[in-house]
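Q: One letter stands for each residue in the lines below.
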Amino acid sequence: MSDVAMTKPGHGTPSGLRRRLSRFYRASQALRGLTLASPALFVVVTLLAMPIALLVLYSFWTQNYVDIDTNLTTANYEKIASRTIYLKVFLRSVGISGLVTLLTVLLAYPLAYYVAFDVKRRKVIWLILITLPFWTSYLLRVFAWKIILGYDGVINSGLAWLGVIREPLEFLLYNPTAVIITLAHAWAAFAILPIYVSLEKIDRSYLEAATDLGDGPVARFWRITFPLSLPGVIAASIVIFIPTVGDYVTPTLVGGPSGLMIANLIQTQFSKANDWPLGAALAVASMVTVTLIACAFVLIAKKLTERIG
Amino acid sequence: MSVTTFEKAGRRWRGGYAFFYLGFLYVPVLFLPLFSLNDSIYIALPLKDLTFKWYATLWTNEQMHAALGNSLKVAVTAAVLSTALAMFAARAFTRYSFRGQRPVLGLVMLPMVMPEIIVGVSLLVLFSQVGIGLGLHSVAVGHTLICLPFAVAVLMSRLEGFDKSLEEASQDLGETGWMTFWRVTFPLVMPGIVASLLLTFTISFDEFIIAFFLSSTEGTLPVFIWSQLRFPNKLPGTLALGALILLSSFFVVALAEWVRRRGSGIGGQTPL
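Chains as they are written, first to last, in our numbering: chain S, 6 to 314; chain Y, 921 to 1192.
There could be a bad hint or two in this list.
List time: in silico EDC-like cross-link candidates among lysine to aspartate or glutamate, alpha-carbon distance up to 20 Å [stated by the list, open to error]:
hint, chain 1, residue 1, chain 2, residue 2
1, S, K84, S, D280
2, Y, K928, S, D280
3, Y, K968, S, D157
A few chain Y positions that, by computed beta-carbon distances, are all more than 10 Å from chain S [said to hold, decoys possible]:
hint, residue
4, G930
5, Y941
6, H985
7, G989
8, R1015
9, L1056
10, D1126
11, E1177
None of these hints come from the bench; they were simulated from the model. Bear in mind the structure is a predicted one, so any value in this text is a computation, not a measurement. For glycine and all other residues, C-beta sits at the position ideal for the given N, C-alpha and C.
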């Protein structure tokens, strides 16, 4: 802390000493910074980087009942590539997550816009109201949709009570649509908040300038507000897409056989099927898929931002 | 003139939409307390009668009490550990500039964007390979890892507006490094620390997948709830539990907001 004062050279300091002092200052900054960051770094390396490296190694092993064969082989990946069920579930997971991301961001944008531009006071109240449901149990929020969409659920029993239907509607639950609705509800705040933050940051004088120069509200939105909110939209999309591809709870509770996703396959290998190496290979394959899609998405978004900007 | 009516219509449309969207967010959640008061084990409309008996069953449910105790232990451990680690890291990232700062920050924030199933499975493989058994300790370790980026984010936003000259003034006036930290830095950062503790506690308390993979016989509360969802006759009691969790999270959020507002008076502006 006193090193700040040390770099301020006195009047008579020779330049060589000054240079040495500033080099020492920079080196000590790096040293102090790294020392302070090192406990957290150590935790992330030992509990995330190392386990994932181990998971990758595991995926090249094979398992026969209880014995693990540590000879390296690509058998697990060949199995994943050769059986269409795995490919189908992978594509379904990516498709469901993609739709959830699109739907959630589209639904969230007008609300974020409303809070950022139309609400003058009480913004905090709105933000608390938006985030409050997300502080309840995730499991029970997902389960709530089973209560709504189920065979004896709120919709069916409500409609039957009103006399609209005689037989319960069966197409509501246990399909990909139920998974999409539930996830769009469960992850809404993760879309609203980043978009709100990027909209709130926009310098309002740009909008006034655009109005002064003759832009109408529609042109102003497309030429200024929307491009400047893109970073929030991108952040929201990534924050929703990556975790939802690997979600386990929602497909298990409301998905049914046609709505199962990657996490269900992985979990089965680690519990019932007891084939950890195959489960590890599935986990690695999904991690690579998700990373590639997220990277592609960021690149496309960057290109888009450059073109508009 | 036509522009202003157009804008007014837009504002009215968005206002209506915002209320409708809030309804979409709240209605499913509010079904939990509603059906927890229903005097029937079938969750269906219309409600049969109002009753508090499901809440009474929670009072004597020892399995649930054990799970709650486990959750509290794990969440307190994860909150304290992740906030302590994040305090040093956040200070390193905001106070010093060094080569490799961005990659190091990126690595520390990585658990935030990793699918939890990958974190859970890879830690399971690690623990089994190293020969450490599963239990509450492995759940706490996993939760500390996923809470860390959130704690770093909260504390960095608090430290970013931090006025360095306050610390320099303290040193110029003759305080030692530790006393400066204790008497100047710490009180200024305190609201951030409390916010981080509350946030990480809540994240750990609600986390399911990692606890599901890394707990053995002693499950946390979400693991207990998961086991109850399969039994229809346990559902009303589970809904009552859900309603209580809803109520206590209202309380925690209100508390966090109160701390944040009290804290925003010193140390400059806070966002929102």
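Q: Each hint: holds or not?
A: Results of checking the hints against the structure:
1. S:K84 x S:D280: Status holds; Cα separation ~12 Å.
2. Y:K928 x S:D280: Violated - the C-alpha atoms of D280 (chain S) and K928 (chain Y) are around 61 Å apart, more than 20 Å.
3. Y:K968 x S:D157: Distance ~14 Å between K968 (chain Y) and D157 (chain S) Cα, so the pair holds.
4. G930: Violated, because the least Cβ-Cβ distance between G930 (chain Y) and chain S comes to about 7 Å, which does not exceed 10 Å.
5. Y941: Contrary to the label, Y941 (chain Y) does not stay out of reach of chain S, its closest Cβ about 5 Å off (not over 10 Å).
6. H985: holds (17 Å)
7. G989: Given a closest Cβ separation of 17 Å, the condition holds.
8. R1015: violated (7 Å)
9. L1056: At roughly 16 Å from the nearest Cβ of chain S, L1056 (chain Y) sits farther out than 10 Å, so the non-interface label holds.
10. D1126: The claim breaks: D1126 (chain Y) does not keep its Cβ more than 10 Å from every Cβ of chain S (closest is about 6 Å).
11. E1177: violated (7 Å)
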